[in-house]
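Engineer: Listed here are the chains, written in short residue letters.
Protein chains: 2
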Amino acid sequence: MNADQNQHSDTTTPYRHAPQRTVNAAGITYAYRELGPKGGVPVIFFVHLAGTLDNWDPRIIDPIAQQHHVIAFDNRGVGASTGTVPNTVESMADDAYTFITALGFDTVDIFSFSLGGMIAQALVVKHPDLVRKLILTGTGPAGGQGIDKVAGTTYYDTLRATLTRHDPKEFLFFNRDEIGKRAARAFVERLEERTEDRDAPITVKAFRTQLKAIKRWGRSTPADLSVITHPTFIANGDNDRMVPTALSEDLHRRIAGSKIVIYPNSGHGAIFQHHEFVSTAIEFIDD
Amino acid sequence: MNADQNQHSDTTTPYRHAPQRTVNAAGITYAYRELGPKGGVPVIFFVHLAGTLDNWDPRIIDPIAQQHHVIAFDNRGVGASTGTVPNTVESMADDAYTFITALGFDTVDIFSFSLGGMIAQALVVKHPDLVRKLILTGTGPAGGQGIDKVAGTTYYDTLRATLTRHDPKEFLFFNRDEIGKRAARAFVERLEERTEDRDAPITVKAFRTQLKAIKRWGRSTPADLSVITHPTFIANGDNDRMVPTALSEDLHRRIAGSKIVIYPNSGHGAIFQHHEFVSTAIEFIDD
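So the sequence lines, in the order shown, correspond to chains A and B. Each step along the first sequence adds one to the number in my numbering, with nothing skipped, and position 155 is 155. Each step along the second sequence adds one to the number in my numbering, with nothing skipped, and position 50 is 50.
One chain only, chain A, in its complex shape (with noise of 0.2 Å):
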């Protein structure tokens, strides 16, 4: 254990040892993990394309387990999930809210990440009252200029990791700097750190749907986020490759009374390279 680890206590089950858990609603078997106290307003964690239960970072979801009941899912067709990965962004927060209402919730929390964020925010723009609190971190609005070259741009980096031996989201998350290099080492590493019971991968054709859902999203007509009037927190990197920088400055200006935090010298993956966004996170949910 690292000084970093002993930040928190032993009071609750490490995401790592979390169990794997399942909740069937309208034919589909939602596959979760929770962590952290039970009883007040769930987070509930929305992951990024080509994500399942293995791609949270801990130091991220335990330090919020501490003090709030954390579920992290894998929607409709990703990992261990059944069905079919639907093809567009709205579908996937119509399965959302069919997984958080089959766990009984009718109030809870979002922290998410790129395309979980666009997913986070169909959702609320669909049912405002389900959720209390906003956290969208490396991602974009409906109709965001430039989210449609993710897949060139998931497909060069893959490429170019596989040839070189690296994971992708080395390349996709972090900038190539020595300091975007080591982060990305780490990140990498810590999503290693659950050895046992690990989710299933996402398949070749769930991925592609999800590519070609963000392509849509991006092509899309923007949304009225005039109707988001729930507390949001927005952060990213300065230089994200995958939904631009720009875009999260963009939900700020639309998202009326949004707080936003945009990182130096980092990228996609800003909130893990710098995961003490974290107790600014838990701040924003204790507010």
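Please keep in mind that the hints were generated in silico from the structure rather than gathered at the bench. Misleading hints may appear alongside valid ones.
[What the hints assert, rightly or not] Under the rule of at most 30 Å between Cα atoms (straight-line distance), these lysine-lysine pairs were calculated in the DSSO-like manner:
1) K126/A with K259/A
2) K205/B with K215/B
3) K205/A with K149/B
4) K181/B with K259/B
5) K215/B with K215/A
6) K181/A with K205/B
7) K205/B with K212/A
8) K126/B with K38/B
9) K215/B with K149/A
10) K212/A with K215/B
11) K149/B with K181/B
12) K205/A with K212/B
13) K181/B with K215/B
14) K205/B with K215/A
15) K149/B with K212/A
16) K149/B with K149/A
17) K205/A with K181/B
18) K181/A with K212/A
With chain A fixed as given, assemble chain B onto it according to the hints.
Structural biologist: Quick look at chain B alone, frame taken from chain A:
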């Protein structure tokens, strides 16, 4: 050291410790490694798509180096060699010719695999006097049906491997049954035996150019292989997804007097799965 490794005595430096050398020719610095006793006809190794000096199976190259001068090289624009990968197999053969003659050889044996086997064919057609014996594994002739699909298969398997945290070669070179999976893991691990002074990886640009050259080779006019009168040994698995097995049989029909072995229950990487192939290859070279 396991029993398998003990089969090679300690009389020669193993490939994993072979020093990386360079030779300059026609404005290009070619990287190569050599091992085994000098003198006699050297065996030159022609590597596969995306392959560098780090992609030769020690179980193949080390036994041959026991009695033969063995040389593996990075062709122009690949790994540590300078310059740009040309966009045709024929130009790659010209570069191989430049490299071989720069080392002062006027007669060589060739051990080739996949793209390497295409380059070897182009070389022997253009410079029949340079080559004494020819080993063509996992490869096919110009105009060979199905070769042009290699890019799609490669990209698909790269994605699938990345999402499941495998090496793409595990999918591209081996069957996905238990035997194939085990052979794949063992092969990939053998490529890690060299831990120091490893080669530079191929760049995305070089890799893409190789893929285009292979596609062009698959769609080009068949060469007159009756000019290959050299002793030729052809090998493949019975289920090659990259260069269809039927093309090995086609090569065998069209190269008079050629010898062929098709391994059951194996794919493109049959010679690595059945690396006892090396004994037959040595007999062929020594015959």
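Engineer: If a hint holds in the structure, say so; if it does not, say that too.
Structural biologist: Consistency of the hints with the structure:
no., hint, verdict
1, K126/A with K259/A, "holds, 22 Å"
2, K205/B with K215/B, "holds, 15 Å"
3, K205/A with K149/B, "holds, 19 Å"
4, K181/B with K259/B, "holds, 28 Å"
5, K215/B with K215/A, "holds, 29 Å"
6, K181/A with K205/B, "holds, 22 Å"
7, K205/B with K212/A, "holds, 25 Å"
8, K126/B with K38/B, "holds, 26 Å"
9, K215/B with K149/A, "holds, 26 Å"
10, K212/A with K215/B, "holds, 27 Å"
11, K149/B with K181/B, "holds, 23 Å"
12, K205/A with K212/B, "holds, 25 Å"
13, K181/B with K215/B, "holds, 28 Å"
14, K205/B with K215/A, "holds, 25 Å"
15, K149/B with K212/A, "holds, 23 Å"
16, K149/B with K149/A, "holds, 25 Å"
17, K205/A with K181/B, "holds, 22 Å"
18, K181/A with K212/A, "holds, 29 Å"
No hint from the list above goes unmet by this structure.
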